[in-house]
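Trainee: Okay, here's what each chain looks like letter by letter:
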Amino acid sequence: MEISTSIPPRLSEILDDFQLSDRHEKMELLLDFSGRLLPLPEGLATANVQPEPVPECMTPVTVTMLNQGGRLRFYFDVPAEAPTIRGYAAIIQQGLWDETPETILQIPDDFYLRMGLHQILTPQRLNGLIAIVAHVKRLAAQVLNMPANPKPTIL
Amino acid sequence: MSEDRYAYPDYLVETAWVAEHLQDPTIRLVESNEDPLLYETGHIPGAVKVDWFTMLQHPLRRDFIDQAEFEALCSRLGIRNDTTVVFYGDKHNWFACYAFWLFAYYGHENLKIMNGGRAKWVAEGRPLTQEVPTYPPTQYRAKAPDASIRAFRDEVFRHMEQRLPLIDVRSPQEYSGELLHMPGYPQEGAQRGGHIPGAINIPWAQAVNPNDSTFKPPSELRTLFESHGITPDKEVIAYCRIGERSSLTWFVLKYLLGYPKVKNYDGSWTEWGNLVNAPIEK
Numbered sequence: 001m002e003i004s005t006s007i008p009p010r011l012s013e014i015l016d017d018f019q020l021s022d023r024h025e026k027m028e029l030l031l032d033f034s035g036r037l038l039p040l041p042e043g044l045a046t047a048n049v050q051p052e053p054v055p056e057c058m059t060p061v062t063v064t065m066l067n068q069g070g071r072l073r074f075y076f077d078v079p080a081e082a083p084t085i086r087g088y089a090a091i092i093q094q095g096l097w098d099e100t101p102e103t104i105l106q107i108p109d110d111f112y113l114r115m116g117l118h119q120i121l122t123p124q125r126l127n128g129l130i131a132i133v134a135h136v137k138r139l140a141a142q143v144l145n146m147p148a149n150p151k152p153t154i155l
Numbered sequence: 001m002s003e004d005r006y007a008y009p010d011y012l013v014e015t016a017w018v019a020e021h022l023q024d025p026t027i028r029l030v031e032s033n034e035d036p037l038l039y040e041t042g043h044i045p046g047a048v049k050v051d052w053f054t055m056l057q058h059p060l061r062r063d064f065i066d067q068a069e070f071e072a073l074c075s076r077l078g079i080r081n082d083t084t085v086v087f088y089g090d091k092h093n094w095f096a097c098y099a100f101w102l103f104a105y106y107g108h109e110n111l112k113i114m115n116g117g118r119a120k121w122v123a124e125g126r127p128l129t130q131e132v133p134t135y136p137p138t139q140y141r142a143k144a145p146d147a148s149i150r151a152f153r154d155e156v157f158r159h160m161e162q163r164l165p166l167i168d169v170r171s172p173q174e175y176s177g178e179l180l181h182m183p184g185y186p187q188e189g190a191q192r193g194g195h196i197p198g199a200i201n202i203p204w205a206q207a208v209n210p211n212d213s214t215f216k217p218p219s220e221l222r223t224l225f226e227s228h229g230i231t232p233d234k235e236v237i238a239y240c241r242i243g244e245r246s247s248l249t250w251f252v253l254k255y256l257l258g259y260p261k262v263k264n265y266d267g268s269w270t271e272w273g274n275l276v277n278a279p280i281e282k
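Protein sequences, first through last, are from chains A and B.
Numbering of the first sequence is given in the UniProt record's numbering, commencing with residue 1 and proceeding in unit increments.
Numbering of the second sequence is given in the UniProt record's numbering, commencing with residue 1 and proceeding in unit increments.
Treat the hints as calculated values from the structure; they're not laboratory data.
From a predicted model like this one, the values you see are computed outputs, not experimental measurements.
A few of these clues could be false.
Unchecked claim - Residues of chain A clear of chain B, computed beta-carbon distances all greater than 10 Å:
(1) L31
(2) S34
(3) Y75
(4) D77
(5) I85
(6) Y112
Claimed, not checked - Derived CB-CB ranges, DEER-like:
(7) B:D233 x A:R23: 42 to 52 Å
(8) A:H24 x B:Y8: 53 to 63 Å
(9) B:E281 x A:A134: 26 to 36 Å
(10) B:Y8 x A:Q142: 35 to 45 Å
(11) B:H228 x A:T100: 29 to 39 Å
(12) B:E178 x A:Q142: 27 to 37 Å
(13) B:E281 x A:Q142: 25 to 35 Å
(14) B:Q139 x A:R23: 24 to 34 Å
(15) A:G70 x B:P217: 53 to 63 Å
C-beta: ideal position from N, C-alpha, C; glycine also.
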């Protein structure tokens with residue numbers, strides 16, 4: 001079976017911005033995103049998201065999904081000393097804001113290649129972005145009652 | 001009992017010392033992080049940034065920048081041959097030690113690590129700035145690479161055959177071959193898991209205090225390595241996955257404990273674990 005893929009408009013705009021930037025501008029752009037990660041609104045319970053202990057000194061990231069009548073919003077908890085991961089999280093947060101689970105599941109897994117981040121980041125740093133997207137997709141699949149892994153992502 | 005001190009304490013400075021030397025023109029602070037954007041969010045006033053991936057690695061080959069490129073880098077950062085370069089960074093100074101190692105490789109003489117790194121500076125409430133300093137370019141002349149601190153695979157092979165000490169500083173799961181990469185760092189792995197036959201597993205982070213990122217006291221460090229039979233009279237080679245974690249172990253052995261012959265095998269597991277026909281132990 002062929003699975004159709006597509007990228008929602010806001011995410012596509014972000015990808016274009018990165019694609020059209022030179023190396024220096026890509027760094028600036030990612031830094032700009034890292035400063036714009038929206039925190040989980042106060043008063044919302046986060047008790048259902050438990051950070052797991054991380055071996056070595058890696059970055060623990062937790063994701064919380066809000067489902068508002070079928071429109072999804074994702075909130076990420078990322079330490080301040082991991083701005084690159086914060087940047088990824090903000091791209092996904094803004095790029096998928098209020099999208100449906102169906103739309104999210106249609107994002108191609110290699111969508112990030114267009115951004116050209118491999119010019120400035122090692123493969124291992126790019127994995128953080130891939131992992132965030134994979135987790136967001138798992139959460140979206142859960143909404144549709146598809147097989148999913150409920151554990152928070154640790155990057 | 002003799003005083004418990006590091007072999008070459010001049011190679012280590014404390015955060016308070018750095019705070020007192022922020023205006024010292026003979027000193028250049030260099031921040032080297034794992035996270036490539038962390039410097040931009042705030043750094044020690046006057047510090048320059050070195051990004052190991054975009055600035056220290058050769059753009060084409062799997063290698064470090066060459067001698068001429070290193071000279072250009074130092075010139076750009078306002079580093080003279082007689083400048084005292086003080087490195088610090090995130091993740092227990094792991095990448096600060098990597099940059100330190102490369103500067104040592106090209107023969108820079110006055111090098112120091114700031115004990116505790118970036119995390120300790122921040123925890124102590126010391127100042128950070130987003131202002132990126134610029135310094136006048138210098139006429140830097142690097143020395144030829146110092147082969148005594150870098151091991152290539154053929155030498156590692158001979159070392160292994162002679163059963164000389166090899167330290168694998170990766171996590172126990174990587175050492176055992178259970179994982180092909182660091183926990184949480186997928187894909188920077190190798191075709192095969194395990195370790196170089198005869199290598200002893202001493203994870204790099206055992207050399208630092210987890211609460212404040214400072215190096216453990218001399219006696220504890222000595223015990224850590226000597227209890228595994230790694231003694232100063234022997235030639236030692238350390239490796240990890242790409243040579244970054246092992247540069248911290250290299251720093252500890254060479255400067256804090258004074259082992260005279262220590263090399264970093266920067267090819268590490270991402271080379272060995274991909275080499276056709278290379279012996280592997282699990």
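Trainee: Compare the structure with each hint and give your call.
Mentor: Verification of the supplied hints:
1. L31: Violated, because the least Cβ-Cβ distance between L31 (chain A) and chain B comes to about 5 Å, which does not exceed 10 Å.
2. S34: Per Cβ check, S34 (chain A) is inside 10 Å of chain B; nearest 6 Å; violated.
3. Y75: holds, 20 Å
4. D77: Since the minimum Cβ distance to chain B is about 16 Å, D77 (chain A) lies beyond 10 Å and the statement holds.
5. I85: violated, 8 Å
6. Y112: Given a closest Cβ separation of 14 Å, the condition holds.
7. B:D233 x A:R23: 42 to 52 Å: holds, 47 Å
8. A:H24 x B:Y8: 53 to 63 Å: Cβ of H24 (chain A) to Cβ of Y8 (chain B): about 38 Å, so the range 53 to 63 Å is violated.
9. B:E281 x A:A134: 26 to 36 Å: holds, 33 Å
10. B:Y8 x A:Q142: 35 to 45 Å: Check failed, 56 Å falls outside 35 to 45 Å.
11. B:H228 x A:T100: 29 to 39 Å: violated, 56 Å
12. B:E178 x A:Q142: 27 to 37 Å: holds, 29 Å
13. B:E281 x A:Q142: 25 to 35 Å: This hint is violated: roughly 42 Å between Cβ atoms.
14. B:Q139 x A:R23: 24 to 34 Å: holds, 27 Å
15. A:G70 x B:P217: 53 to 63 Å: holds, 58 Å
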